[in-house]
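Peer 1: Sequence:
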Amino acid sequence: MKIARFATAEVSDPRYGILDGDELVVLTGDPMFHGYDTTGERVSLADARILAPVIPRSKVICVGMNYAAHAKEMGHDGLKNPLIFLKPNTAVVGPGDPIILPPVEGRIVHEGELAIVIGSVAKRVKRDDWQSVVFGYTIANDVSARDVMFADGQWARAKGYDTFCPLGPYIETDIDPTNLEIETFVDGELRRKGNTADLVFGIPELIEFISDVWTLLPGDVILTGTPDGLGGFLDGQTVEIQIEGLGRLSNPAKNRDDRVDA
1 MKIARFATAE VSDPRYGILD GDELVVLTGD PMFHGYDTTG ERVSLADARI LAPVIPRSKV
61 ICVGMNYAAH AKEMGHDGLK NPLIFLKPNT AVVGPGDPII LPPVEGRIVH EGELAIVIGS
121 VAKRVKRDDW QSVVFGYTIA NDVSARDVMF ADGQWARAKG YDTFCPLGPY IETDIDPTNL
181 EIETFVDGEL RRKGNTADLV FGIPELIEFI SDVWTLLPGD VILTGTPDGL GGFLDGQTVE
241 IQIEGLGRLS NPAKNRDDRV DA
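In terms of the UniProt record's numbering, the sequence shown opens at residue 1 and continues consecutively.
Some clues are possibly wrong.
What the hints assert, rightly or not - Below, in silico cross-link-like pairs of lysine-lysine (BS3-like), each with a Cα-Cα straight-line distance of 25 Å or less:
id : residue 1 : residue 2
1  : Lys123    : Lys80
2  : Lys123    : Lys193
3  : Lys126    : Lys80
4  : Lys59     : Lys80
5  : Lys123    : Lys59
To be clear, the hints were calculated from the coordinates, so they are not data collected in a lab.
Work out the full structure, taking the sequences as your base and the hints as a guide.
Peer 2: Next comes the structure, spelled out in structure tokens:
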């Protein structure tokens, strides 16, 4: 089941719906908290603006270098534990929203990733119980100012700019996440390709490890890592990430306009 968060010209406040062909079956509220009761209304996809499927109330958790080939291209031979870091929820944008490129030196890169949406309060979850805390899955782009990462010696600024975490288009609640193809394109050119079967640390291990560090809350999102590949993109280009069974997330890039009108 695919869940959308959307708005329309008639109703600007975000609503939730279940994707049914080319329509959305409107739900009475956020299904993470209110279940799947429907209002009886249907909205055509053509009339809906699809928003980020979730705005984490607490945090976006990212996992670095969780594909062996990507770790190697980043100069790491392997990690004993998952390398985790945070993005602020202000980095989240939805499908079609622009990625605003800050005026910094060096490359801005895409990192197409499978994202886990947490559905319940979770602390010290055992790996065998991981499915009990997962609401579903979506697509994420862990946008990074790569040279800023190296210059700063830590990743908070480089990963945390506004718009640096596109999510969407839907949350899929019923899919096996262990063998999904991930492809990232820039203006239609394939730049990254991988499969979740090649994760260094699988989803059960990630949830166990992360929930030992931080209490996970409903709506929190875990980005599981990116495959290797050529990552740079520029103003005017469009980044598209496709994950098998989850659809395609597309976002244009735009330079930040720092002009101030008189």
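Peer 1: Taking the hints in turn, state whether each one holds.
Peer 2: Evaluation of the provided hints:
no., hint, result
1, Lys123 with Lys80, "holds (21 Å)"
2, Lys123 with Lys193, "violated (33 Å)"
3, Lys126 with Lys80, "holds (18 Å)"
4, Lys59 with Lys80, "holds (24 Å)"
5, Lys123 with Lys59, "holds (15 Å)"
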